[in-house]
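Number of protein chains: 2
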Amino acid sequence: MNFEQLQQQVDFIHEIDKVKYIQRRTKLFNSDRPENDAEHSWHLSLMAIVLAGHSNEPIDLLKVIKMLLIHDVVEIDSGDIFLYDNVVSHSNTEAETIAARRIFGLLPADQAEELIAIWEEFEAGETAEAKFARAMDRFEPLLQNRSNNGGTWKEFNVTYDKVVQKKSIIKEGSDLLWSYAKTLIDKSVDEGMLKKNS
Amino acid sequence: MNFEQLQQQVDFIHEIDKVKYIQRRTKLFNSDRPENDAEHSWHLSLMAIVLAGHSNEPIDLLKVIKMLLIHDVVEIDSGDIFLYDNVVSHSNTEAETIAARRIFGLLPADQAEELIAIWEEFEAGETAEAKFARAMDRFEPLLQNRSNNGGTWKEFNVTYDKVVQKKSIIKEGSDLLWSYAKTLIDKSVDEGMLKKNS
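As you go down the protein sequences, you meet chains Y and V in turn.
The first sequence lines up with residues 1 to 198 when you count with our numbering.
The second sequence lines up with residues 1 to 198 when you count with our numbering.
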């Protein structure tokens, strides 16, 4: 039996274990333990399954989940960039593109191409699937910060306007979800979790 | 706007965060840090995406991934049971069924029903999707133990016959994967990672 292709896939499976060591700034719900990228990707994927019905547009759920499962794999090489970082842009950087080519490039060529294309589609944020997947990515930390009495908002002195600006991308994926999220953000000011001005 | 259904979904999203605290016996690759159920479920889901082509039968990949993302959620209430535990059966227990009803029951009724049915299908292990998903669940710790010089095999004095017996379920999902796995198990004996007899 020929294991050549399978061995490439196993090499990839082994490599992506490193995602479990990449710490995010955001903490787990009701906790001070940072979430790692593997836990985060798992949570977003399951969120997509239960929230898919709220998407503005019809979506290919399998593609959305593929996006969410792989969206942070590039951080093995390029590291996690904090959403509210004022120096480094959170968007697709050259380092991330090089990382995607190296890591997905461990796979057989056809699979590498497919996953790189899906990752690029997520980063571009233009298709219905990418918009919904990105809504998940913004919605989870909002819930986490609320459960942690402000969490990274307080820790990094992030103000209301900045949160609304960064989170409003949720609206592109789901009007209902954004309406709910906006209610939570407003409530966070009333409850002293989020400052109106810096 | 009516957030009633969405609030139920958010309650579920909040509850399943606990999966990130459930530790498995198996350690991460090349590590002595135990893997948790969320990391494990993420890894299996991504494995299913890259290995789907090796399934014995055609599979609905979205359903396989749903199975893998939710398969350990019941352990929030019932705890992780070690594959080689000689006292407690690893199979579907009454406690797990009660847990599934409580946790998935947080969701709107139609979604709760769907996810309970998918979880039961995984546990029964009879459909092509369940067989392939279960193959993923057995294959990952095999790779981890090999990367950890025997890992839980050494730690819990598990012998070759027992490993072959437990892992041979991989064959039901994929002949190719089992053939590869069997080669690794045999090699583990030669390399002193796994004992032939107790």
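Bear in mind the hints are in silico, worked out from the structure with no lab data behind them.
A few of these clues could be false.
Note: identical chains are not told apart, hence a pair may lie in one copy or across any two.
Claimed, not checked - Calculated cross-link-like contacts (lysine-lysine; reagent style BS3-like; alpha-carbon spacing at most 30 angstroms): (1) Lys171 <-> Lys63; (2) Lys63 <-> Lys187; (3) Lys63 <-> Lys195; (4) Lys18 <-> Lys63.
Here is how each hint holds up against the structure:
1. Proximity of Lys171 to Lys63 under the C-alpha cut-off of 30 angstroms is found in both arrangements, the shortest distances being 20 angstroms within a copy and 28 angstroms between copies.
2. In this homomeric assembly, Lys63 and Lys187 never come within 30 angstroms of each other (Cα to Cα): the closest approach is 33 angstroms inside a single copy and 37 angstroms across copies.
3. In this homomeric assembly, Lys63 and Lys195 never come within 30 angstroms of each other (Cα to Cα): the closest approach is 37 angstroms inside a single copy and 43 angstroms across copies.
4. Taking the shortest Cα distances, Lys18 and Lys63 sit within 30 angstroms of each other both inside one copy (23 angstroms) and across copies (26 angstroms).
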